[in-house]
Structures are given as structure tokens and as C-alpha cells.
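*Asks:* The chain contents come next:
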Amino acid sequence: MTLPALLQLVVYFAIIVLITRPLGAYMARVFAGEQTFLSRALGPLERWTYRLLGVDPEQDMKWTTYCRAMLAFSLVGLMFTYGALRLQGVLPLNPQQLGARQMPPHLAFNTAVSFATNTNWQSYSPELTVSYFSNMVALAIHNWASAAVGIAVAIAIIRGFARSRSSTIGNFWADVVRCTLYVLLPLCLVGGVLFVALGVPQTFAPSLAVTTLEGGKQAIALGPVASQEVIKQLGTNGGGFFNANSAHPFENPSALSNFLTLIMIWSIPAAITHTFGKMVGNAKQGWAIFGSMAALAIAGILVCTAAEQAGTPHLARAHIDTAASALQPGGNMEGKEVRFGVAASALFAAVTTGASSGAVNSMHDSYTPLGGLVPLFNMLTGEVIFGGVGAGLYGMLMFAVLAVFIAGLMVGRTPEYVGKKIERFEVQMAMLATLVLAASVLGFTALSSTVDLPKQGLLAALNTWPGSAYGATDAALGAATSNLGNGGPHGFSEILYSYASGTGNNGSAFAGITANTPWYDTTLGLAMLIGRFLMIIPLLALAGALAKKSRVAVSSGTFPTDTPTFAALLVGVVVIVGALTYIPGLALGPIVEHYQMLALATH
Amino acid sequence: MSDLIFVSLSISFFLVALAYTHACQKLGGNPDD
Chain A
9 MTLPALLQLV VYFAIIVLIT RPLGAYMARV FAGEQTFLSR ALGPLERWTY RLLGVDPEQD
69 MKWTTYCRAM LAFSLVGLMF TYGALRLQGV LPLNPQQLGA RQMPPHLAFN TAVSFATNTN
129 WQSYSPELTV SYFSNMVALA IHNWASAAVG IAVAIAIIRG FARSRSSTIG NFWADVVRCT
189 LYVLLPLCLV GGVLFVALGV PQTFAPSLAV TTLEGGKQAI ALGPVASQEV IKQLGTNGGG
249 FFNANSAHPF ENPSALSNFL TLIMIWSIPA AITHTFGKMV GNAKQGWAIF GSMAALAIAG
309 ILVCTAAEQA GTPHLARAHI DTAASALQPG GNMEGKEVRF GVAASALFAA VTTGASSGAV
369 NSMHDSYTPL GGLVPLFNML TGEVIFGGVG AGLYGMLMFA VLAVFIAGLM VGRTPEYVGK
429 KIERFEVQMA MLATLVLAAS VLGFTALSST VDLPKQGLLA ALNTWPGSAY GATDAALGAA
489 TSNLGNGGPH GFSEILYSYA SGTGNNGSAF AGITANTPWY DTTLGLAMLI GRFLMIIPLL
549 ALAGALAKKS RVAVSSGTFP TDTPTFAALL VGVVVIVGAL TYIPGLALGP IVEHYQMLAL
609 ATH
Chain B
175 MSDLIFVSLS ISFFLVALAY THACQKLGGN PDD
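Just so you know, the sequences run in chain order A and B. Using the numbering used here, the letters of the first sequence correspond one by one to residues 9 to 611. Using the numbering used here, the letters of the second sequence correspond one by one to residues 175 to 207.
In short, the hints are calculated from the structure, not lab data. In this text, all values refer to a predicted model and were calculated from it rather than measured experimentally. Built from N, CA and C at the ideal position, the CB exists for glycine as well. Some clues are possibly wrong.
[What the hints assert, rightly or not] Taking lysine-lysine and the BS3-like style, the derived pairs with C-alpha atoms no more than 25 angstroms apart in a straight line are:
{"id": "1", "chain 1": "A", "residue 1": "K70", "chain 2": "A", "residue 2": "K556"}
{"id": "2", "chain 1": "A", "residue 1": "K70", "chain 2": "B", "residue 2": "K200"}
{"id": "3", "chain 1": "B", "residue 1": "K200", "chain 2": "A", "residue 2": "K429"}
{"id": "4", "chain 1": "A", "residue 1": "K556", "chain 2": "B", "residue 2": "K200"}
{"id": "5", "chain 1": "A", "residue 1": "K556", "chain 2": "A", "residue 2": "K429"}
{"id": "6", "chain 1": "A", "residue 1": "K429", "chain 2": "A", "residue 2": "K292"}
{"id": "7", "chain 1": "A", "residue 1": "K70", "chain 2": "A", "residue 2": "K557"}
{"id": "8", "chain 1": "A", "residue 1": "K429", "chain 2": "A", "residue 2": "K70"}
{"id": "9", "chain 1": "A", "residue 1": "K557", "chain 2": "B", "residue 2": "K200"}
{"id": "10", "chain 1": "A", "residue 1": "K292", "chain 2": "A", "residue 2": "K556"}
{"id": "11", "chain 1": "A", "residue 1": "K557", "chain 2": "A", "residue 2": "K429"}
{"id": "12", "chain 1": "A", "residue 1": "K557", "chain 2": "A", "residue 2": "K292"}
[Stated by the list, open to error] Cβ pair distances, simulated, as ranges:
{"id": "13", "chain 1": "B", "residue 1": "L189", "chain 2": "A", "residue 2": "G343", "range": "38 to 48 angstroms"}
{"id": "14", "chain 1": "A", "residue 1": "R432", "chain 2": "B", "residue 2": "D177", "range": "41 to 51 angstroms"}
{"id": "15", "chain 1": "A", "residue 1": "A334", "chain 2": "B", "residue 2": "S176", "range": "49 to 59 angstroms"}
{"id": "16", "chain 1": "A", "residue 1": "P568", "chain 2": "B", "residue 2": "S176", "range": "48 to 58 angstroms"}
{"id": "17", "chain 1": "B", "residue 1": "G203", "chain 2": "A", "residue 2": "S476", "range": "49 to 59 angstroms"}
{"id": "18", "chain 1": "A", "residue 1": "A561", "chain 2": "B", "residue 2": "G203", "range": "19 to 29 angstroms"}
{"id": "19", "chain 1": "B", "residue 1": "S176", "chain 2": "A", "residue 2": "M418", "range": "46 to 56 angstroms"}
{"id": "20", "chain 1": "A", "residue 1": "P462", "chain 2": "B", "residue 2": "L189", "range": "26 to 36 angstroms"}
{"id": "21", "chain 1": "A", "residue 1": "G495", "chain 2": "B", "residue 2": "A197", "range": "36 to 46 angstroms"}
All chains should be built: construct the whole structure from the sequences, respecting the hints.
*Replies:* Written out as C-alpha cells, the structure reads:
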């Protein structure tokens, strides 16, 4: 690991720590309905929105009502996006004249689900598939709404811990409106202007036709990029305006925009740990969670950067100079932008997969086996390393419930967390949320590793790439493993990564997999739905049960959960649960590939 | 036709999610929540 890489890491974490307290405290005030410095400007708009929706923000909901409102809101949004994508040919802002042909039903389903669940997995190539209207309305609406839903659910779950003898956990509609107006809107306005200042385009002009130095013709895609880019990063959405995502110079023009992007991805997920501390009345509880997340994050960043900086023995044997110097970053540069080098790419990979962002500035498929294992493990642990906006915190609270339960078993104390007794039902719900994720990732991976569809006949359509819509020819691929760019363990990693990314609502791709077929679009769509909603529901049930309980006074029998000891225990539980569940899968993919690489290098 | 399949699939998932909510509610022993 080079000195600039270490310095970058230190400065990055220092900024995240500095942001956490003020932004976290601000969000606590927003969701408590208190006055903030933006209340005078945005208060009338907030009240007008409630009147328009017919919502009484003071009327709190039971967990079941909150849950149904969240599901209804998400279903309506999903259906709207599906319809808008299929009808993009007759809708405005479509200078490239893209239509339903480029967006077949299976792809529209996958894309609508992807954006409604804050995943932003892209089975499609944006420049060739979606119109400006689809980008700005059908998809962007979810960049805001799905982020707001994630944060709202996290706040509702925090209320479950914070409230005493209450049957309610807040008002879903008020939480979503407050989050959108007071948190996302001001941050996006500032961030969007910064992106424009750094060179990110914001225009409705169609693609530019240019003549290259060799005399060839090239279309340079443009569009309203900055406004999409900022919510993509702040809302941990990750869906790129361009296919190359944050490796594209119009999405991420410089090292400075890259650093700003990294700060945006983790700012809200880090800050909400402090919101948790403030809302439960003990800021140290939030810092303990922050500490656990930071420890896991730093370990992953160090391993990933070291593996990529070391490169591969094949490069050394081919007499390629892989040492870092003033003229080159060294290491494994395959799939990485020369503008960013190894350190800024590896940091980005760990940050985007720790969060449920999914934005990428390098191709994870080209990472060394151990370097690629880190993003994969980050997603498999449930994306609790700061995690998605809201989703990271409620995922970590799920692990905290399991941690106090395990600690209680070990030392013979009644499990308690932030003054609430953790009993049978809470542990059942936390385990249900954990198992649902594992079942989706491993089940779909096993299915796609083995399913063998015919290349002819009616069933062939299930795994046919619709190439004719994009100027190529349709291709019946047969077995689901035929969609892979690589065979062997790396191919297995491509499948495992896809379903980990889908279920974890991350959205980044390992690349190397042709996912735009009915088989992958549908199964990945289902994985995203399961990973989002079948995890949230038991956690809302857990919050509802906790809200009803009285807070227990701290006694000599209380296991303190605001200390470094608890933070270390929490890290241990995350790693152990992740390892026990996924080590067999990882052994079949990146681990065996690592040893294969070493063996091949010595023969 | 394909549109109908994917719209039905989406709605079916959310109906399953509602049933799952109800099952969690019953497991907690508070059906009147």
C-alpha cells in the first residue's frame, strides 16, 4: 500500500467523521418534526404537500400500517416506472427516438424493480436504451423516493428502540416528505452545483457527432448528468447515466470529483448512526455502531488496496513493472481508469459495496481474486459497512440484536439493547431478516449455476439476449452459465456477485455477465424485491414489538452497548454470520481462483 | 401478453409481502396491531 493511498484513506475518514455529528443531529431534529434553519423556507411546501396528499403528519402509525403504506408506495412507484419505460417511445424528451423495442417487458420489470428497491442494477446500456424522459422522470423519481423510503424505515425502526410503551413508530408519509424536503433536496442542490463546477454536463442537447483524429465518426452522449449524478451518490442509488458509470469522464471528470463522490456515498449512512444515538438519548450508542462500521470498512479497504497494489504474479513473470512510481500507479491496472489509479479505485470499490450504492469507477470483474473478494464480502454481509441510506443502519441494528442475544447466552445475562429487553420474538425477526437474504443469494446462485435451458423451441426465449433491439442479432444462450464472460471459479463469482448485488440492493455489477435476458432479468428482479421488502418487514415488526416495551433502567446486570467492547463484539458477529453463511460460496469463487492464479504462475 | 406476466408478477410479490407482514404480526402474538 502506497503512502498516497494511506493519506487518502485518513483524510477521507476524517471528513466522514466531521460530517457525522452535525448531519446526524440535523436529521434527528428533522424527523422529530422540530424547527431547523430550513423550516421557514421549506415549511410551507411541506404543509402544502401534506394537504395535497391528505396526510395528517401528527397521526402516528402502528408498524403494520407503516409497513402497508411503504409497500403501497413502492408498488405504485414500480408500476409507474414500468409503464413509463414501456411507453418511452411516445413520451417527450426522446431525441434518440428510443422505444419499447429497446425496453422489452423483462428488462422493464428488472429496471423498474431495480430503481424502486434502491438497487439500480442496470441490465441495460443507458445510452442505447433509455430516453432522457425515462432517465429524468421514470428512474430519477426512485433515486429520490427509494432513498427516502430507506431512511424513513430506518427512522421508524430507531423509534422502536427509542419509544416506551408506545404502539406506534411514526408516520410513513411525514417521514418520506421530511426526508425528501429537508435532507435530500438541500444536499442535492449543493452537490449538483459542485458537480457542474467540476465539469459534469447538465444539458438537454442530444448526442454530439464528432470526427475523431483518425477521421472516424463518433457520437458523444450528453444529457442532464449532474442532477442525476448527485442523487445517485447521495441516495446510494448507483445507477449511472452512462454505461461506464463513474468511470465515465462526464460522470466523474477528475480526482476531485471522485473524492467528492466518495464523501457523498457515505455521508448520510454515517450520519444516521449519530441520529440513532440522539434519538435513543445516548450519542455513544451511535458512535459504537459507527465504530463497528468503520472497523469493517478500514479492514476491507486495506485488503482490497493491498491486493490490487500487489498485482498478479503473471504480470511480474511477463517482466511488467508493477511498482508504484511517480509515473504510474503500479499494481493491477486492468479495468481501472488511469485518472484514478489503484488507490482511488480500490477505495471506491470498498465504499460503494459497503454502502448499497453500486456506482463503480473501475470494473470489479478485473480485480485480483482477493481484491474482488472484498466488494463481494461487503455485499454478502448485508451491506452494513455504513450501508445504504437507512438500510445500512437497520441492517446493523439487526446484527446488534443478534449480538446482545449471543452475548447474553455467553455470560448468562438477559439480553438488552438501548434499554429494551431482547426476547424471543425480536431474535426470531432478526434471524428471519438474516436468513431471507442468504436464501435469496445462495438459492438464485445455485439455480443459475445449474439451470440448462434449450437453445431452440419455446423455452429458448427464456435465455435469449434481445440483440436485434440494439443493432446486433438475437442470441439464444441456453444454459444460464452461457451468459458468463468467464468459465470456472471466476464465472461462478460473476453469478454469486450478481445475486449478492441484487439481493443486497447494491446494483454494482462484476461485469462479464450478459444479464439482459428474461432469465436473469426476472430472477435478479425477484432477488431485489426479496432483499428489500422481505428484510424490511420483519425489522419493522421487531420495531413495533420494541416500541411497546418499557425501557429498563441500567443495572449491574446490564451489558453495556456503548463501549468499544460491544463495537468489537458487533464486528465479530457480522464477520462470523457472514463467514458461516457464505464461506462455502466464496471458496468456490474468489478463494479457489486465488490459488489457481498462484499455481498457474509457478507452472 | 408479456406485459401482463410481469405486471402480475409484481403485484403478486406485493400480495405475498402483505401475507408475510400478517404472518410476522401473528408470530408476535399481536394480531390486533
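*Asks:* Confirm or reject each hint.
*Replies:* Against the structure, the hints:
Of the pairs offered as hints, the one joining K70 of chain A and K556 of chain A holds, with about 10 angstroms between alpha carbons and a cut-off of 25 angstroms not exceeded. This hinted pair checks out: K70 of chain A and K200 of chain B have alpha carbons roughly 14 angstroms apart, not beyond 25 angstroms. Restraint check for K200 of chain B and K429 of chain A: satisfied, since their Cα atoms lie roughly 20 angstroms apart, inside the 25 angstroms limit. Straight-line distance between C-alpha atoms of K556 of chain A and K200 of chain B comes to about 16 angstroms, which keeps the hinted pair within the 25 angstroms bound.
Straight-line distance between C-alpha atoms of K556 of chain A and K429 of chain A comes to about 11 angstroms, which keeps the hinted pair within the 25 angstroms bound. Restraint check: the Cα-Cα separation between K429 of chain A and K292 of chain A comes to about 19 angstroms, which is no more than 25 angstroms; the hinted pair holds. Between K70 of chain A and K557 of chain A, the direct Cα distance comes to roughly 14 angstroms. Compliance with the 25 angstroms bound is thereby established for this hinted pair. About 20 angstroms separates the Cα atoms of K429 of chain A and K70 of chain A, which keeps this hinted pair within 25 angstroms; it holds.
Of the supplied pair hints, the one linking K557 of chain A and K200 of chain B holds, its CA atoms being roughly 18 angstroms apart against a limit of 25 angstroms. Our distance criterion of 25 angstroms between C-alpha atoms is met by K292 of chain A and K556 of chain A, whose separation comes to about 24 angstroms. With a C-alpha separation of about 8 angstroms, the suggested pairing of K557 of chain A with K429 of chain A holds against the 25 angstroms cut-off. Only pairs whose Cα atoms come within 25 angstroms are accepted, and K557 of chain A paired with K292 of chain A is accepted, the gap being roughly 22 angstroms.
Distance hint check for L189 of chain B and G343 of chain A: the Cβ-Cβ separation is about 42 angstroms, which falls inside the suggested range of 38 to 48 angstroms. In this structure the supplied range 41 to 51 angstroms holds for R432 of chain A paired with D177 of chain B, their Cβ-Cβ distance being about 45 angstroms. Distance hint for A334 of chain A and S176 of chain B: a CB-CB separation of about 56 angstroms, consistent with the stated range 49 to 59 angstroms. The hinted range of 48 to 58 angstroms is satisfied by P568 of chain A and S176 of chain B, whose Cβ atoms lie roughly 57 angstroms apart.
The hint said 49 to 59 angstroms for the Cβ distance between G203 of chain B and S476 of chain A, and at roughly 56 angstroms that hint holds. Take A561 of chain A and G203 of chain B: their Cβ atoms lie about 26 angstroms apart, and the range 19 to 29 angstroms holds. A C-beta distance of roughly 54 angstroms is found between S176 of chain B and M418 of chain A, which places it inside the suggested range of 46 to 56 angstroms. At about 32 angstroms, the beta-carbon gap between P462 of chain A and L189 of chain B stays in the expected band of 26 to 36 angstroms.
Roughly 42 angstroms separates the CB atoms of G495 of chain A and A197 of chain B, a value that falls within the hinted 36 to 46 angstroms.
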